[in-house]
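Position chain B relative to chain A; hints supplied.
The chain contents come next:
Number of protein chains: 2
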Amino acid sequence: MGKKKKSKKTAGWTGDVADLLRVGPDFDLASFDRGGTPGWDGDKTSAAAFMRKRGDELSDLQERLFADGKSDGTHSVLLLLQGIDTAGKGGIVRHVIGMVDPQGVALASFGVPTAEEASHHHLWRIRKQLPPPGKIGVFDRSHYEQVLVVKVDELEPPDVNATRYDELVDFDHEIVSGGTTLIKVAMMVSHAEQGERLKERLERPDKWWKYNPGDIDVRERWDDYQAAYSEMLTRTSTEEAPWYVIPADRKWYARLAVTELLYGALTDLDLAWPEADFDPKVELERLAETSRA
Amino acid sequence: MGKKKKSKKTAGWTGDVADLLRVGPDFDLASFDRGGTPGWDGDKTSAAAFMRKRGDELSDLQERLFADGKSDGTHSVLLLLQGIDTAGKGGIVRHVIGMVDPQGVALASFGVPTAEEASHHHLWRIRKQLPPPGKIGVFDRSHYEQVLVVKVDELEPPDVNATRYDELVDFDHEIVSGGTTLIKVAMMVSHAEQGERLKERLERPDKWWKYNPGDIDVRERWDDYQAAYSEMLTRTSTEEAPWYVIPADRKWYARLAVTELLYGALTDLDLAWPEADFDPKVELERLAETSRA
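Chains as they are written, first to last, in my numbering: chain A, 778 to 1070; chain B, 778 to 1070.
Excised from the complex, chain A in its bound form (with noise of 0.2 Å):
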């Protein structure tokens, strides 16, 4: 199995994940390996002492994003996930973002829309969600909805709805102008694994829960959600806002991935600590005062 050979000491990436998960102009979704591990130079079990210590990290980059955040700072992070049922979203919120203080993290969920969110523009559930300075967000299933379920079950007229590409553009500027490093995630799994996956919910009772027999319904008009995906991705990737797609036949690399993502995202932000807006010397003599020793 070569397990010895890669051992944790030499496991690591090959070279930037981000460049090369990247949606360019030349990308073709159709030919895309769902099953690859690109840029990893290792397997399962090394990946899992990598997470590790990228964890120790991300714990500290994301106290520093927060630190900065409650000194007045503008930054923040929204990492967006898109996804076909089973692709592994949630598997990302519990296992990439679970390394962080929850205290840091700002999750929204987006369903199908209430009635009062229906009866407003597209956009104004997502606005109330946008992660506010010194936190990072977490989008499980995002704005990037509207040209997916809405388009291929033409739950708007298709003449409104190709005017949506430009709107989404405009809406991840406005986002990234505010002081937002966006990081846009499509998790991309095979049509086979998307299978198995439904057939361990079914065959499992600890996972009926997960199921929903709409996912079928979803699965049968996997060809016309796959061209939905190419046109948002190939529409939507912008130099500001890029798409990164995920081969997520692996789990433990889709993880693995997103949280370079995130690490890298957070690296050059290039936080440091926040100056004291006190006199540290003058607050450690009031604080020797209280003394009761």
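A portion of the hints provided could be inaccurate.
If several chains are the same, the list does not tell them apart, and a pair holds so long as it fits within one copy or across any two.
Straight-line distance between alpha carbons at most 30 Å, and here's what the computed DSS-like set of lysine-lysine pairs gives [unchecked claim]:
no.	residue 1	residue 2
1	Lys1058	Lys830
2	Lys905	Lys976
3	Lys905	Lys1058
4	Lys830	Lys1028
5	Lys976	Lys847
Keep in mind that the hints were calculated from the coordinates and are not lab data.
Same frame as chain A, now just chain B:
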């Protein structure tokens, strides 16, 4: 140090930690040992191993609660944290709540009320943050601030404040009646240990952001706060919503004890995985028809 004797194998709780830490009629805060480790037959090292085990168990129990909530269940859990600055409330969120899936957690932090919040009854902002079914809610400070900072700083007339105890007990009853298991935790550090922790925040530039000169103002009113805590604990610890007082001078013990309280509450719910509201056989057939192999 007896480290060998207290091996991982035998380390554990010698009794029900809920019984040991629950505030009963005879509770006396002044004589409470804040450096103690009641009920724990082990040291910091064995506690860490035990925490990992409990973390896995908590994760499973939390998922059952979440599944129950997705399936029309009405249960939720609310962990309410009170404690003076540096008592370690944030550490509980990070290290205890951080062990479960962020998707199952609803975290709320109550600081100085905003202008809008202050224009309403003090319970208005609290009620909005009560956890929905399926979630573990966490309150970092709570409605109990009304008989802590509000009382000590006389932010409302004493005769009005004196009516709050009954009101808080009634509100707890409202919470519990709605299907929420309420775990009220008061974390108590000693005066000396608080001094050490504030000192550390002042001496380490990476901790400055956690410090506020107001922390010393509060410390100067230590006796007033202790009196307020004492009155709160004895007057609002009820059978349906008891207070648990946690000795917090040893962070590892405080985290271990709160973990155990949460574990006990989730175990007591005794939740089974939800039944399927579909026919798994029929769905497996539908799934098979989507095969492209």
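(message) Which constraints among the numbered hints does this structure fail? Numbers only, ascending.
(response) The structure conflicts with hints 1, 2 and 3, although it agrees with all the remaining ones.
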